[in-house]
Amino acid sequence: MSNEIKALTMPKWGLAMTEGAVTSWLVEDGADLREGDEILEIETTKITNVYESPASGVLRRRTVEAGQTVPVGALLGVVADRSVPETEIDAFIARFQEEFAVEAAEAADAAGPEPQFADAGGRRLRYLVMGEGRGGEGAAPLVLIHGFGGDLNNWQFNQPALAEDRAVYALDLPGHGESTKHGVQGGVAELAEAVGDFLNATGIQRAHLAGHSMGGAVALHLASDEPARVVSVTLVCSAGLGEEINADYIEGFIAADRRKEFKPVLEMLFADPSLVSRDMIEELLKYKRLDGVGQALRAIADAAFAGGRQAKVFANDLDRIKVPVQAIWGADDRIVPAAHATAIPEPHRHVLGGAGHMVHMEKAGEVNRLISDFLTVR
Amino acid sequence: MSKKSYRQAINEALAQEMRRDPTVIVMGEDNAGGMGAPGDDDAWGGVLGVTKGLMPEFGRDRVLDTPITESAFIGAAVGAAATGLRPVAELMFVDFLGVCFDQIFNQAAKFRYMFGGKAVTPVVIRTMYGAGFRAASQHSQCLYPIFTHIPGLKVVVPSSAYEAKGLLIQSIRDNDPVIFLEHKVLYDEIEEVPDEPYTIPFGEANLTREGDHVTIVALGRMVGFANRAADALQKEGITCTVVDPRTTSPLDEDTIIESVENTGRLVVVDEASPRCGMAADISALVAQNAFKALKAPIRMVTPPHTPVPFAPQLEDAYIPTPEKIADAVRHVMA
Amino acid sequence: MQLNREELLQSYRTMCTIREFEERVHSEFSEGGIPGFVHLYAGEEASAVGVCSHLDDRDNIASTHRGHGHCIAKGCDVNGMMAEIFGRGDGLCGGKGGSMHIADLSKGMMGANGIVGGGPPLICGAALTAKTLKTGGVAVAFVGDGASNQGTTLESYNLAKVWNLPAIFVVEDNGYAESTASVWAVAGDQSKRAAAFGMPSYELDGNDFFAIHQAAGEAVERARGGGGPSLIHVKLTRYFGHFEGDAMTYRQAGEIEVARRERDPLRFFRQRVTEAGVLEAHQLDEIESEVKRLIDQSVVLSKAAPPPTPERLLTDVYVSY
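Here the protein sequences come in this chain order: U, V and R. Counting with my numbering, you get residues 1 to 378 for the letters of the first sequence. Counting with my numbering, you get residues 1001 to 1334 for the letters of the second sequence. Counting with my numbering, you get residues 2001 to 2321 for the letters of the third sequence.
Hints may be right or wrong, so weigh each one.
[As the list claims (entries may be wrong)] Computed beta-carbon distance windows for the label pairs: (1) G2198/R with K260/U: 58 to 66 Å; (2) K2134/R with I1068/V: 24 to 32 Å; (3) D29/U with P1304/V: 51 to 59 Å.
[Unchecked claim] Just so you have them, the derived chain R footprint on chain V, three or more residues with Cβ under 8 Å: (4) 1065 to 1072; (5) 1266 to 1279.
Please keep in mind that the hints were generated in silico from the structure rather than gathered at the bench. We put the CB at the ideal spot given by N, CA and C, even for glycine.
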């Protein structure tokens, strides 16, 4: 029993999110909640996702209606024990709303952590850091490595949650996001070298790595080359565990320069294609229009995935990589088959239903828990 | 990525292209400003400061102030383009077209065709257009339909800072003569614009809103107005697709036609005069190609067929507004 | 600026080529084989050749509606030109330009021009390119007395001077802007106009190849050396009408015959070089026969050539669209 009252607030998913619309409540007033329960659906201009309860207790009050759009940080509801009197709940809400109004006015410009740039071996790499700790003292930091055509925003549903335990770095690989586009030769080795240089540039001695898709192959490569620097590797729908990869996706991603052509390509990423929003497409088109992106993606695709075959497969070398590895997959992955997960032995293999290649977005809560648990014991 | 104004986005596009390609030069009246005068160098950077800072970085050889001599310097830009430079010439106000049009439509536009495909004339003419500045009849027009009428010219009408930077870089790299029209009221509008150079291809419309009931096609400053109208109408249960063609030549006909085939209703918004304008042109396009899809007559939202007036009350009445656009949408929904 | 034998022979050959070309276009036009309208340069050869013999591949010229002579003098292919005038698919511009728009940018010929006064701003641009890229090139605008009154021409004088461009303006004053006499239509005089813009200028007899060659040489040297623009005013006689079919009722009876007899630039050239003993008459005769064969051949080829294929209607509007 506790007298604590906990606020449910509009999360900030990704750098650009300023507000979200509550599309529906999945639980009723008075519901018993466990931490991690899905309680409502939130739609941003970029994506729709479920909001999971950050606390256990009773949903004492819902302060927004379905259909309402509210700013990041706004009160969505209140969780507390049944023993907490209504008057205290009312007082809590009143106080929160008053303070939030003041903070919102002040914070209108200073909205959360800003991305920074590191000079990694002559490459300018963008990264975003959340949470605290640099390894050595306390928890080793976690470095998140996106996949082909992605960027640090791919971890928007993961980075804030994972940053509660440690410093979490998400970076843009060369040729991606806002990192250097020029001089990319392609090849997983080059990208792994860039991540190694990034660790040097940011003063990270040892780190957990989590890589999505091609980023997983990059993590494996680094773990294989410099095992002393890698505490653990989490592979999310990863490349590097088998030959097969969806060439239609890779080529379609490179070729599409119109929304209409791009949409079906991006829909391959999700179990639920309706998650591909117009803003998501627009953001990616904006990325693809940047000077050098076309050449960089072409070079990477040619070096790493020529002819729909992955050039570098670590599956048979995994025992030589002296670093704990886990794999998380979406059962409906249409880019890299979930069967590739079998390269990783139980219990560190997790294939989640109802999710595709972007399992860390579609099943963010579950993925976050799996990563968090895996890292905590290391 | 950072927030930039339309003006800054254009300036950055020019600077980045000048750094990338030594054949890119800019010229125009007061483009640096202060040439030959006793005061500051780079005194103006164009009459509204769009080119400010270029001269200190690139020097007087690549940022050329001109006398007030539009025929000569627009023609010189065309001649320089035909012989190996990539000039970006600034025609201060598009209204000044009247004193240099020959060099644009008889020379630049026709070289390639007349000379059997052997000429390449990569000139960009940047020019300010549009009403809203209390600048009266000779400094407020939207003459892009006139350029659009001329085969051989490409015509670009950017609607925001992001659009302006990518479309200007595309214009500079393009190998055909490009007229790049900047709405003077948009110069201080701010949005996120990538710091890196990027290009937006010509002839590809942007859908700034997607809805089921009505297609609104709008250009330049009118895109923002159409978005506001669409957002207001959404509260009434009417959802609109807003199409920003970005370029009037080439025109993304397919996107417009496809959208009307989906919605069945068309409102075209154009700040240019109504006769022989883009609104009429796009209406004809849809009438010819998607007539059977139309559930209501096409509506055009344009100014009246008058010069742009001076008095603020008159000018405000002249310019299309989000309210007028919303009314037109309600009308086609009725 | 002494010309050697080779240069003299070449200059005569070019002038003869222009003359023969124009005479043939005249007769072919009257026989109805040439569409549209043509403006002939016969009688004005010394100007084009006197100026262009100083120019090379770095240099650009812009011409006028009366442009055949400038094209030939700047090195355009004569067969291609003739085919173009006949509207053939293998014409220099694929049959899409015709007489008034013959151009070959690879030869520095920026086009004949259907707009009177169209050329001067363009050559300011070509001169700016040369100056910016430091090619050492110069740019020349040929304009008529009619174009000398256009704002574009006067604005270009100003811009060329203000920007100190390697530009040369050659005013070919044949006495008539269409049917209107230049003595009536031109206020003041051409040299004083140049002086008002701070440009050196030359007043020349347009029939005297050597005078034009001398003056143009100075102007080109000045321009290449960074000394800015010059103006050359040449007075000459056009042997045909403004356009083919012009009855020329505004001209004095016998005007052309007298000019052909007494002041013809080719005859003048021949007389000077043979009297000075630099060239033999038979060398010049040989050139004339060779040129005649060349032009004959160009007409035969042009007449036999097919018109442009219909799909060419839609090509070459843009580099890409």
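Tested hints:
1. G2198/R with K260/U: 58 to 66 Å: 60 Å, holds
2. K2134/R with I1068/V: 24 to 32 Å: 28 Å, holds
3. D29/U with P1304/V: 51 to 59 Å: Check passed, 57 Å falls within 51 to 59 Å.
4. 1065 to 1072: holds (count 5)
5. 1266 to 1279: violated (count 0)
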